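**Student:** Protein sequence lines correspond, in order, to chains Z and V. Its first residue numbered 0, the first sequence is counted upward by one per residue in numbering that gives the first Met the number 0. Its first residue numbered 0, the second sequence is counted upward by one per residue in numbering that gives the first Met the number 0.
It is possible that some hints are incorrect.
Unchecked claim - If the Cβ cut is set under 7 Å, some of the chain V residues that face chain Z in the computed set are: (1) Asn29; (2) Ile51; (3) Pro65; (4) Pro67; (5) Gln71; (6) Val152; (7) Pro192; (8) Ser195; (9) Leu197; (10) Ser198; (11) Arg199; (12) Val202; (13) Thr326; (14) Cys328; (15) Asn330.
The hints are simulated quantities; they were obtained by calculation from the structure and are not laboratory data. Here the structure is a predicted model, which means the values were calculated and not measured. For every residue, glycine included, the Cβ atom is placed at its ideal position computed from N, Cα and C.
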Amino acid sequence: MPIIEKMICITCPMGCTLEVTREGETLLSVEGNTCKRGPEYIKRELTDPRRMVASTVRVRGGIHPLVPVYTAAPVPKPRIFELLVQLREIELEAPVVMNQVVLEDVFGEGIKVITSRDMPRQGD
Amino acid sequence: MVQTLKTHYDVIVIGAGPGGLAAAIEAKKNGADDVLMIDRDLELGGILLQCIHNGFGVETFKEDLPGPSYAQRFINEAQTVGIDYLLDTIVLDVTPERKVYTTGARTGFKELTAKAIVLSMGCRERTRAQIRIPGPRPAGVFTAGTAQRWVNVEGYMPGSRFVILGSGDIGMIMARRLTFEGAKVERVLEVMPYLSGLSRNYVQCLLDFDITLQLQHTVKRIIGKERVEAIEAVAVDDKWQFIPGTEEVIPCDTLLLSVGLIPENELSKKAGVNLDPVTAGPIVDDGFLTSVPGIFAAGNVVHVYDLVDWVTQAGRTAGKRAAMYATGCCNLEPMYVPTKAGDNVRYVVPHRLDPEILTQDSIMLQMRVTRPLEQPVTVQVTDGDTLIARKVERYARPGEMVSLTLKGKDYEAVRKAKELRVSVVPK
Ligand SMILES: Cc1cc2nc3c(=O)[nH]c(=O)nc-3n(C[C@H](O)[C@H](O)[C@H](O)COP(=O)(O)OP(=O)(O)OC[C@H]3O[C@@H](n4cnc5c(N)ncnc54)[C@H](O)[C@@H]3O)c2cc1C
Ligand code: SF4
Chain Z
0 MPIIEKMICI TCPMGCTLEV TREGETLLSV EGNTCKRGPE YIKRELTDPR RMVASTVRVR
60 GGIHPLVPVY TAAPVPKPRI FELLVQLREI ELEAPVVMNQ VVLEDVFGEG IKVITSRDMP
120 RQGD
Chain V
0 MVQTLKTHYD VIVIGAGPGG LAAAIEAKKN GADDVLMIDR DLELGGILLQ CIHNGFGVET
60 FKEDLPGPSY AQRFINEAQT VGIDYLLDTI VLDVTPERKV YTTGARTGFK ELTAKAIVLS
120 MGCRERTRAQ IRIPGPRPAG VFTAGTAQRW VNVEGYMPGS RFVILGSGDI GMIMARRLTF
180 EGAKVERVLE VMPYLSGLSR NYVQCLLDFD ITLQLQHTVK RIIGKERVEA IEAVAVDDKW
240 QFIPGTEEVI PCDTLLLSVG LIPENELSKK AGVNLDPVTA GPIVDDGFLT SVPGIFAAGN
300 VVHVYDLVDW VTQAGRTAGK RAAMYATGCC NLEPMYVPTK AGDNVRYVVP HRLDPEILTQ
360 DSIMLQMRVT RPLEQPVTVQ VTDGDTLIAR KVERYARPGE MVSLTLKGKD YEAVRKAKEL
420 RVSVVPK
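For reference, chain Z alone in the conformation it holds in the complex (with noise of 0.2 Å):
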């Protein structure tokens, strides 16, 4: 039995609401996105749902406590909260330039962590 149900595009501002028609993963028909990239998402969703994370890292020496991060790719959904276990290992030294990488492959997918900032020494 196909399902209908209406999901919310996410990967711009506009949000477009979709009519998903799908049986199980298999997506039948996506109606109401503005462009392709709508029909693009929803085929991800129901597979391989991933986000884009951010969060921050200690950073020793620098104008503040922490280093804005996040992921230069999305990251597989179910496994956010693992990843933020990785990130709260990590402590930095400052200075730190933006696009410094933190972490170098998440979970074995090549995907990188990278700082989002400088964070200039303090007193410098």
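Take the given structure of chain Z and dock chain V with the ligands to it, following the hints.
**Tutor:** Chain V with the ligands alone, transformed into the frame defined by chain Z:
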């Protein structure tokens, strides 16, 4: 930084968030030699520095960046083009004659003058006093933005069990952020019958983590003496009246308020700038010139934007026009045509525009709708029975800015118009 602080500048920009940064850079690029940015914070970048989540820059850079990265690009550019800036310095007063009074730890009290000023002080959050929640005043009631700064910049958690009042983007984003840091978010309550932030944030911040959103619900009472112990939630009807018998006590130690932003215009008032009671920001023209000659305004100080990309664009326009004003190459007496909020439009920015601009440049009309319309809508500009411009959107929601760009081809019609009435109606 400032090598030697001058007393006179071509352009002084107050507030160094994305609006101010874009304005300063563009002023410099358009012939203003001496440009100074002033910010009370210790760093450039404004509120973006605490917005560590992704979602910034899709329009400007065609990339999905976190707030700090978006800011960093403009900070780097401002430094490259050689803009002076004063940090840890608050602007106390601005006069209509464009005197700027500041005080800061390094410079002490200063009087500066400028040929043109750009106001870009951003916005502030509505607080408990402004929404009148009764009950005692225990610790543990904060605005969502304050909590955001603590968690993301300063590194401490304001509580462990949260209720969030308001479904604005900052509140929803904080719900996810606090969950990431090990807290439990018990509930998000929204007094309106619809979400006030972006629907994508509902999915990726609340649904993803099974956080319950209750529409048409609010906080009736805060319980707790020293510290918040619980809140009493209640359902409301269409007139915001409590519905008796729907009360529910939700145990929590912290209540976050995400109940809206208000443009920060204390300085604008001192400068004699006329404000629009609907936006709570200055009345501006197409170049973001306020009612006071030489004083411009850009970003959230004018009206609260939902996308930083439009803040940057507004900053660029204001910066360019401020440079033109400072270097004496702009039309000082334009024949303005006023804009007017028509059907289902709460307000339109700019409030008036100079049709002659359309011979060289386009003008973006930015507006918010009153009622949500989840169906294709026509955004149209009319003058009496004359249709001047129109476009179709898939839907219109109060939480998302709607825009319509007037172009060169509209010049003749705009020039002849008495007023530009903007409506957003079902197609
Ligand atoms: C808490 C909060 C969270 C937000 N989160 C998001 C988000 O996630 N995504 C999004 O797109 N938008 C978000 N916004 C909206 C955001 O403000 C805009 O996108 C953008 O940052 C606005 O830029 P701006 O330059 O107008 O103001 P701001 O970035 O607010 O910059 C204003 C600057 O002016 C300075 N200032 C103010 N008064 C004075 C004074 N008297 N003297 C000296 N300096 C002064 C302030 O210190 C500040 O640095 C958020 C807003 C707030 C308040
Ligand atoms: S379908 Fe396209 S326009 Fe609509 S939300 Fe998805 S990416 Fe954005």
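**Student:** Which earlier hints can't be squared with this structure?
**Tutor:** Violated hints (numbers, rising): 1, 7, 8, 13, 14 and 15; every other hint is consistent with the structure.
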